[in-house]
Amino acid sequence: MSRVRFDTVSVDYGSGPVVLDVSLDAVAGEWLAIVGPNGAGKSSLLRTVVDAVRFTGSVMVDGRSTTSMTDKERAKSVAYVSQRPVYPEGMAVFDYVLLGRTPYMGTLASESAEDIAFVWEALTALRLEPFAGRNVATLSGGETQRVSLARVIAQRARILVLDEATASLDVSAQHEVLETIDALRVSHDMTVISAIHDLTAAAQFCDSVAIMEQGRLRSQGSPVDVLTEAVLQDVFDPSIRVLDVDGDPVIVSLRSEETHR
Amino acid sequence: MNAGRPPDTRLHWWWVGVAALALVAAIIAGAMIGVVDLSPMDVVRSTLDKLPFVNIETDMTVREEAILWQIRMPRVILGVVVGSMLSAAGAAYQGVFRNPLADPYLLGAGAGAGLGATLAIVYGSNAAGWIIDPLPLAAFVGAIVGVAFAYLLGYTVRSGRTSVTLILAGVAVAAFLTALQTFIQQRESETLREVYGWILGSLNTAGWGEVRLAAPYVVVSLAVVFGGRRLLDVLSVGDTDASTLGVRPGRIRLVIVVFATLGTAAVVAVSGLIGFVGIIIPHTVRLLTSASYRVIVPLSILLGGAFLVVADIIARTAAAPAEIPIGVITAIIGAPFFAIILRTSKGVVS
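For the protein sequence lines, the chains are A and B, in the order given.
If you use numbering that gives the first Met the number 0, the first sequence corresponds to residues 0 to 260, in order.
If you use numbering that gives the first Met the number 0, the second sequence corresponds to residues 0 to 349, in order.
Please note: incorrect hints may appear among the correct ones.
Simulated restraints, written as ranges between beta carbons of each label pair [claimed, not checked]: (1) A:109 to B:100: 21 to 31 Å; (2) B:257 to A:188: 37 to 47 Å; (3) A:166 to B:3: 47 to 57 Å; (4) B:185 to A:213: 54 to 64 Å; (5) A:223 to B:100: 36 to 46 Å.
Okay, the calculated bits of chain B under chain A, using three or more residues with CB under 8 Å as the criterion [unchecked claim]: (6) 16-28; (7) 219-231; (8) 244-256.
Lysine to any residue pairs mimicking SDA-like chemistry, simulated, CA-CA at most 20 Å apart [stated by the list, open to error]: (9) B:49 to B:12; (10) A:71 to B:49; (11) A:71 to B:24; (12) A:75 to B:49; (13) A:75 to A:124; (14) A:71 to B:226.
Rather than coming from a laboratory, the hints here were simulated on the basis of the structure.
From the three backbone atoms N, C-alpha and C, an ideal C-beta is built for every residue, glycine too.
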């Protein structure tokens with residue numbers, strides 16, 4: 000059963016299409032990775048789910064077109080973490096996570112006791128309780144990613160759209176955040192769609208991988224079927240090698256013989 | 000266990016209490032201090048006496064009563080109205096534009112009001128048959144026209160409507176209107192002093208009429224900014240993130256700017272272009288308490304009023320019987336005070 004269905008989606012900012020005729024399904028409860036070189040249209044495709052770009056075609060969430068939903072309805076089903084989230088100077092972690100409750104509040108209303116309870120629950124789920132009063136701008140990269148995820152949990156959306164959420168993290172922090180996302184996906188019954196540069200991580204964590212190239216969908220399927228050396232060498236670079244480490248694919252780029260001495 | 004908000008994120012009652020006390024103290028001081036000093040007890044007793052169902056005898060003479068209620072109080076209350084409005088509008092502009100340098104005059108309200116006032120002073124002063132005073136009306140209309148132009152320009156930019164294009168549009172409109180204003184002012188140099196005096200801002204024309212003129216706009220404007228304080232926090236994560244949380248950043252920005260401008264135009268119409276208040280009060284609150292607009296907006300309203308009343312006391316007494324323009328005072332006492340806060344505070348300017 001598909002939670003999110005892209006049907007012939009195209010995005011054009013005015014200087015030619017950046018996404019062209021992409022049709023793609025994200026299955027309920029699964030983690031779908033969107034991979035591809037810089038400029039392949041991954042971010043633009045993800046932004047169609049939250050109606051943050053103009054597009055043609057349709058994006059269906061649980062069988063409903065996102066454009067037929069009100070802003071609040073959409074925000075209750077889809078949460079989005081951008082490539083470089085803004086963490087306002089001086090804002091407390093608690094207040095940042097509370098922003099996730101925005102779609103549940105009236106325009107002029109303040110947060111209810113229920114909203115506050117949801118925030119604490121989200122902070123607990125991400126082990127952030129001790130940081131509740133801390134200035135969000137003073138946290139480390141991995142911690143701020145957890146704060147963003149706590150906001151998503153407080154938002155109670157069943158679909159999580161992540162745009163390169165771990166790109167700026169070191170190896171161990173990235174791994175920890177990906178493990179956290181996977182645990183939340185299971186515990187909160189979420190469907191995850193993420194653009195991701197790290198192909199090895201995509202192979203390890205995701206149920207399904209879609210490769211994009213110059214705005215078009217190249218292929219979609221399970222990681223082992225899609226992330227093959229031939230395809231990756233064609234889409235990315237001839238230097239790509241897919242190694243097998245204990246049955247898992249590890250994708251690296253090797254220097255050529257001429258330059259490497 | 001985890002019943003409510005963590006302590007660091009609350010709007011503490013004692014913050015509100017201290018700010019409210021500061022406002023009341025400033026009002027009493029403003030009513031007491033002047034060429035004829037009144038005692039604080041008389042001010043308080045006479046004020047209570049004005050309340051319905053309260054009847055308190057005071058020792059004041061008829062003349063003292065007249066000084067208090069016809070000269071001092073309207074001026075003090077106008078100071079509260081103007082100071083609260085400029086501070087709240089400054090906080091609102093800083094929030095919707097995510098720009099710490101934003102002030103109420105950012106989008107051309109100041110330049111538009113300046114042009115309107117100059118036109119009224121230069122061409123309206125010999126028209127004795129005016130039913131209403133043309134000066135405040137021209138300043139009010141000028142401020143609104145300036146911001147309307149900036150918004151239209153900013154929203155017809157083809158490369159994308161962001162808060163930055165709006166600010167740049169405001170800069171262009173303000174520069175253009177200021178140039179027109181300067182041109183007219185230089186051609187009609189016999190009114191230079193009057194125009195310049197208006198631009199520096201003053202509360203010295205204050206009577207109850209001015210308070211009645213400005214207050215309705217200010218009350219509505221403050222209510223909207225206060226009501227939108229949580230949405231200002233939502234906007235602080237940027238337009239894309241805010242829109243994924245189910246709000247429309249462009250619409251919120253428009254509504255807040257329209258109402259903040261309405262209130263700003265109304266106070267500018269009766270007091271001229273008093274500068275600096277809209278920047279330092281919200282930032283002082285931010286540095287001393289919290290970066291959340293749920294805290295900044297209400298405290299700025301209270302402290303902005305208090306600050307301008309104190310500045311006005313100095314403006315009218317420091318060089319008495321002459322008056323110093325209040326805009327000079329807000330900067331002379333405001334800038335060093337703000338510098339100290341900036342240096343000693345642990346907080347952050349967003």
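So, going through the hints one by one against the coordinates:
1. A:109 to B:100: 21 to 31 Å: Holds: the Cβ-Cβ distance is about 29 Å, inside 21 to 31 Å.
2. B:257 to A:188: 37 to 47 Å: 43 Å, holds
3. A:166 to B:3: 47 to 57 Å: 36 Å, violated
4. B:185 to A:213: 54 to 64 Å: 60 Å, holds
5. A:223 to B:100: 36 to 46 Å: At 54 Å between Cβs, range violated.
6. 16-28: violated (count 0)
7. 219-231: holds (count 4)
8. 244-256: n = 4 at 8 Å, threshold three: holds.
9. B:49 to B:12: Roughly 29 Å between the alpha carbons, so the hint for residue 49 of chain B and residue 12 of chain B is violated.
10. A:71 to B:49: 49 Å, violated
11. A:71 to B:24: 45 Å, violated
12. A:75 to B:49: Violated: residue 75 of chain A and residue 49 of chain B sit about 53 Å apart, past 20 Å.
13. A:75 to A:124: The given pair, whose Cα atoms are some 19 Å apart, holds under the 20 Å limit.
14. A:71 to B:226: OK: residue 71 of chain A and residue 226 of chain B at ~19 Å, within 20 Å.
Hint violations for this structure: numbers 3, 5, 6, 9, 10, 11 and 12, all remaining hints satisfied.
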